[in-house]
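S.K.: For the sequence shown, the UniProt record's numbering gives the first residue as 1, with consecutive numbering after it.
FYI, nobody ran anything at the bench for these hints, they're computed from the structure.
Bear in mind the structure is a predicted one, so any value in this text is a computation, not a measurement.
Keep in mind that the hints are not guaranteed to be accurate.
No more than 30 Å apart at the CA atoms, straight line, and that leaves these computed lysine-lysine pairs for DSBU-like [claimed, not checked]:
#1 Lys-183 to Lys-137
#2 Lys-370 to Lys-351
#3 Lys-278 to Lys-377
#4 Lys-264 to Lys-236
Simulated restraints on C-beta separations [claimed, not checked]:
#5 Val-283 to His-87: 31 to 41 Å
#6 Gly-344 to Gly-267: 45 to 55 Å
#7 Gln-312 to Thr-28: 24 to 34 Å
#8 Ile-212 to Asp-172: 13 to 23 Å
#9 Pro-233 to Leu-270: 45 to 55 Å
#10 Thr-28 to Tyr-220: 50 to 60 Å
#11 Leu-280 to Val-326: 55 to 65 Å
#12 Ala-237 to Ile-345: 18 to 28 Å
For each residue, glycine too, the CB sits at the ideal point set by N, CA and C.
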Amino acid sequence: MYNLGRSGLTFWSPTINVARDPRWGRITETPGEDPFVVGTYASNYVRGLQDVAGTEHYKDLNTRPLKVAACCKHFPAYDIDNWHGVHRFHFDARVIEQDLEESFLRPFEMCVKDGDASSVMCSFNRVNGIPSCADPKLLRETLRQEWNLHGYIVADCDSVEVMVTGHKFLNDSNEDVVAQTLKAGLDLDCEAYYPKYLGNAVNQGKVRESNIDEALQNLYIVLLRAGYFDGLPAYKALGENDICTNRSIELATQVAREGITLLKNDGPTLPLNTATFKTLAVVGPHANSTVAMIGNYAFDPKNPAILVSDLQCGEYIELTLVVHNVGGKVGSEVVLVYSKPPDGITGTFLKQLIGFQRVYIAAGASQEVKFVFNGCKSLGIVDNAGNNILPFGGHTIIVGDGVASFPVQVTFHN
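Construct the entire structure; sequences and hints are all you get.
M.R.: Structure (structure tokens):
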């Protein structure tokens, strides 16, 4: 959705740190350990996010329109969370110049020069003793002057504060830190250090208003390019119906299939002979995982679901109804029970019949009617591909024409 009808949205993506240790928690976000592959991925990712058709070859990049603003992160030499006491908040990456240029900087260079990324995020860590968000050689000389960044530089959230609390860099005061980062070329602080301490830094003579003006100029260039003030008509009409469309889901599925990598094929074992092998076992700790393989920055999709055939479903819904015959004669009635899928699911039934019983009741009498439903089968729906799936979220059990109803929440756990 186009920022709820407002232009100027920034996506803090892609993550393009070169993978160096598989134990790094965010390694699933980056495309690998080859700097050129990572850089090629980065530049194309950014182009896909940002480019407005017909404007790809603008000569003045400061005026080239943007669908959204992409952000290449985390700059640079950042690939650790917390390992044996070495924490990302005080980690010092000791990197020789050759490795820095050929491995850790190259993807970011391609992201800025080939992708025309409109923002770059500096990382928590130090690089050869200097916090990356306070290093003018990295921010001003490399990003702006050498690579010609047309946009802004933002700190990873809390990176400025971490210089005081984690790195204890030069034992600086809060005002010293915001002055150093701003002068080094940091335009935007994700969190509150700039708003809290920049005013004091100006009053103390540590920051000039011209330093702030420069940062604002870099930010407003991106806002203007993204149509924040006058909009981009081609994208203003986008709304919720443009999220998770069938076309998008099919494309994501295709990408997932094509992204599978074969590491070993002895024999060769693959491709399997379907005449010989009738079943296939998928084993391992994540064989049937619905969460762990997605990544730590993923959120629940609009209407997530799982194949009913993949579930060993022992969950049952027990329902007891009391039917009253308010008439003066013996009568019969068919008690109908329906399930209704979560709101927002399109292309399926409004409700489906999951159970019925006929009862005979004397005049003025009452009778209990009991139902037991398998949760997976009773709440499942058939998608466009003919798969029986069980959607996450809030289902509703409805009795008859709505004389009674109650909610059923479907969640999954590893």
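S.K.: Now tell me if each hint is right for this structure.
M.R.: A quick look at each hint next to the structure:
1. Lys-183 to Lys-137: holds, 11 Å
2. Lys-370 to Lys-351: Between Lys-370 and Lys-351 the Cα gap is close to 20 Å, so the pair holds against 30 Å.
3. Lys-278 to Lys-377: The hint holds at about 25 Å.
4. Lys-264 to Lys-236: Roughly 48 Å separates the two Cα atoms, so the pair is violated.
5. Val-283 to His-87: 31 to 41 Å: holds, 35 Å
6. Gly-344 to Gly-267: 45 to 55 Å: At roughly 47 Å between Cβ atoms, Gly-267 and Gly-344 fall inside 45 to 55 Å, so the hint holds.
7. Gln-312 to Thr-28: 24 to 34 Å: holds, 27 Å
8. Ile-212 to Asp-172: 13 to 23 Å: The hint (13 to 23 Å, Cβ to Cβ) holds, given that Ile-212 and Asp-172 are roughly 19 Å apart.
9. Pro-233 to Leu-270: 45 to 55 Å: At roughly 50 Å between Cβ atoms, Leu-270 and Pro-233 fall inside 45 to 55 Å, so the hint holds.
10. Thr-28 to Tyr-220: 50 to 60 Å: violated, 35 Å
11. Leu-280 to Val-326: 55 to 65 Å: holds, 58 Å
12. Ala-237 to Ile-345: 18 to 28 Å: Holds, since Ala-237 and Ile-345 (Cβ atoms, about 23 Å apart) stay within the stated range.
Violation of the numbered hints given earlier is confined to hints 4 and 10; the remaining hints are satisfied by the structure.
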